[in-house]
Amino acid sequence: MKSRRWFQKSALLLGFAFLYIPIIMMIVYSFNNSRLVTVWDAANSPTLAWYGKLFQNDQIMDAAWVSIQIAAMSATAAVILGTLAGLVLARFGPFRGRSLLSGMSTAPLVMPEVITGLSMLLLFVALEQLFEHWFGWSFGRGMITITIAHITFTMAYVTVVVQSRLASFDDSMEEAAMDLGAKPAKVFMKITVPLILPAILSGWLLAFTLSWDDVVIAQFNAGPGSNTLPMVIFSKVRLGVSPEVNALATIMVLIVGAGVVLSALYMRRAEKRRKREEQMAVANG
Amino acid sequence: MTEQRRNDKKLEPWRDPRAEPYIRFENVTKRFGDFTAVNNVSLKIYRGEIFCLLGGSGCGKSTLLRMMAGFESVSGGNIFLDGQDMADIPPYERPVNMMFQSYALFPHMTVEKNVAFGLEQEKLSQSEIASRVSDMLEIVQLGQFAARKPHQLSGGQRQRVALARSLVKRPKLLLLDEPLGALDKKLREHTQFELINIQEQLGVTFIVVTHDQEEAMTLASRIGVMNRGEIVQVGTPTEIYEFPTSKFVADFIGSVNMFEGVLIEDLPDHVRIQSNELGGVVYVDHGISAAPGAVVWAAIRPEKINILRTPPPDVRENCVRGVVKEIAYMGDVSTYLVKIDTDKIVRVTLPNIERLSDDERILWDETVYLTWHSSSPIVISQ
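For the protein sequence lines, the chains are B and X, in the order given.
Heads up: the first sequence is residues 11 to 295, going by my numbering.
Heads up: the second sequence is residues 108 to 489, going by my numbering.
Certain hints may be false.
Pairs of lysine-lysine, DSBU-like flavour, derived with a Cα cap of 30 Å [said to hold, decoys possible]:
1. X/Lys256 <-> X/Lys279
2. B/Lys282 <-> X/Lys220
3. X/Lys256 <-> B/Lys285
4. B/Lys193 <-> X/Lys256
Just so you know, the hints here were simulated from the structure itself, not pulled from any lab data.
Since the model is a prediction, treat every value here as computed from it, not as a measurement.
Extracted from the complex, chain X is given alone in its bound form:
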């Protein structure tokens, strides 16, 4: 749904070399004593984006966000917002607002007062504050809760108060630290789309920090994957998932089967990889840039592998025999762990399209044949 919408709008400024980035991180580094939390990060983020910083805990994503907000000083490099260097601007003068992971609502103030707090710092007239607060509370559908204190609200309502409070000042940029982390699964899915709608309605640029890849995939216009203080890959959700450039990204986003092998044939329109781990040859229908003889990895997503009960005729490549060892039924899909002849376990996910009777179903210890389309493997050289 979100993908469709973005294609309609052609909102992909990062593909336009003339587009002026709204936020620029230039060689930003943050050290805490001997520990380097953020290492030489350079990033360009464009107006109207929802940019997700995705990574495990301690990867530096929150530190990067806090440097943008001004809570942490920068050890090296520069941050620009709308052409302005942020270095000497204290947090209370930055045109940036942040939504905290813990929401950080003021417990001694009502919802209304919480939302009004930021506007009161701007010396606006009482009537203007009141109307902007009530407009904002309408947007997040909390009008009837204006007089409540934060502890009188449910988790989802608190999250919306936090969002309203950080948006009411009409910031140039909104920073969201794990915005949905504290909500349960159903509410989280619902809120994701709400966030996107509000973002579109107000046209604010979002930077979202999350460790949840599903959240990043749903929200983001682009994702920056971080590991050990560095950005390892930046791209749209599709690019990150379908074309990871490193083993780390392939492994971190979704699950993947990785086969180490040697490049035996490298032509512009296809490559062949001899993999001892697979016990066969992987044929890929697109070229890559690596020298023949190089050690590479063929990564294949579990949902891109098919299971057959009889060997396909006349196929010697992109096919391997194995025995089903585990089956996990998850309703919409089933995951099979198949032990192939080289003793490697391969994960396969199949959608449960039809209701199968017991003798039609693939069972434990059954010998099966795994195949995949030649466009499915991703060749990774690092």
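Isolated chain B, as found in the complex:
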């Protein structure tokens, strides 16, 4: 018995170590004063020098701004399209082409990014030529093309999240609303959307994150002046890892980590309150 507990504890510890030691090392090294990423300068560390440099680096700041815009735009569009696709799959019953739609809308989940990126690139090049030919003007590659490319694969995630949320409710609530005189569009806005709001929010966050850290698809569809943050980091790392990148990555980890912890705390409190209220309701019968 005693040995088993010991085994469990060490397994847990090893698991955590495996997952988080790399990130912890990166955070530690972001405070390193040495120019060489792998050498710890014990004399002058820790220092916030790299954080200061980071905020003065226009290239990185610009790229971060581009990334935020692309992520926000593509997440918003993906949520709209993905919600509609999820709604159709969960609520419209069996119709011709349903399984095709189901398969095709979730295929980008497993499609290699290189293929998605390349095929989008081919499409955009062809479209550019068409636009040139017909209007004498073309949109050129840049933020717009990256955003559209990101929508195509992040939408799949939103679809899956929304569909599974809808599947956990039977459609009697929507039927009840319709029965009480609400037209389908109103039922959607007043009943369906509030019900799936958590899924929409988490779908948006998921899409935002996926777009935020995508490098492959962005690389294929970028144009001049539309370098995203991951692209900049990637090109920097190729020239040799700069401690600045460590600082940047640390900030990103902190932001993401804070978001995850806060939302988990909020969910737990809401769940607790709900449980307590339900118990009281039953007790007061």
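Got chain B sorted already, so can you dock chain X onto it with the hints?
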């Protein structure tokens, strides 16, 4: 109690040939692919009725209800409400409301908002909505819970919110899908009478779908028994119980002992059935319409059979000997399973009127004689 009340009011429009039915189902059929869920159903329901559709799961009763509400299209036939064909009217324009089995309360709205939802769709003034909602919440005794969310309510309270929400629009017709199914037994009995009171107070016509025969018997003015997508019998609770027209209905409503036999004597005032299953003759004091020699079933309810310890003198018909095999004491009644001489098991239910001492009580393996009054057997020919 309910029977008494209805007799006082003479509220039996289905017996009046001049009465205009409020709801008419005419040859209504619903097919899902190859499966026929509802098969050629015709029904007339009158204003102010509580009509129960009773049947096992998958018998088509819920589909019939959903077609009335407009959630399912009709594959064949017509549905009329107050003379109006419902075919092309979408659910949100039908003067019909439904109470769902799961209640389908909106979890993100308070009780008040849930009840107000239907009125808000009618573009009524805020003050009118508020007063109608609070009146309705008073009727279902939930005034003090107006600000609560559905998850803060108990099952019985949720049921009442659902009822209030579906009644507040003053529908011509209220559809109730297993309205009491999710409540425990005590609450269910209490709520049944509450439902009847509210129905009388508001004068709304109810169609109730249920699989629970007790619920149907208590609530209904009339019951339509369904089996495999068809209506097999329509009648008052008494008619359905006392005069089932088929083996299915006799067996489905309550329990029954069924003896197969041959009609040996068929006169206007009595019939005799020779039953090998019973090992004797069943004498029935009313005539039936079947040819002599036809195979029929004599159905006898367990509570209409008496148990005697000594053979009754001079009785050769409507009497059979057997041995008590099982006794189930249920407080108000006891059920005896008696194996008669032909090895058939007969179920008998007797009320426990007196407190009997051990040697007065009928015991296991005792030889007994079963008798019944000649008005008790029901003769069924299908």
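Hints, verified against the model:
A distance of roughly 28 Å separates the Cα atoms of lysine 256 of chain X and lysine 279 of chain X; the hinted pair therefore holds under the 30 Å criterion. The hinted pair formed by lysine 282 of chain B and lysine 220 of chain X meets the criterion: a straight-line CA distance of about 24 Å does not exceed 30 Å. Between lysine 256 of chain X and lysine 285 of chain B the CA atoms are separated by roughly 13 Å; this keeps the pair inside 30 Å, and the hint holds. The suggested pairing of lysine 193 of chain B with lysine 256 of chain X holds, with an alpha-carbon distance near 24 Å, which does not exceed 30 Å.
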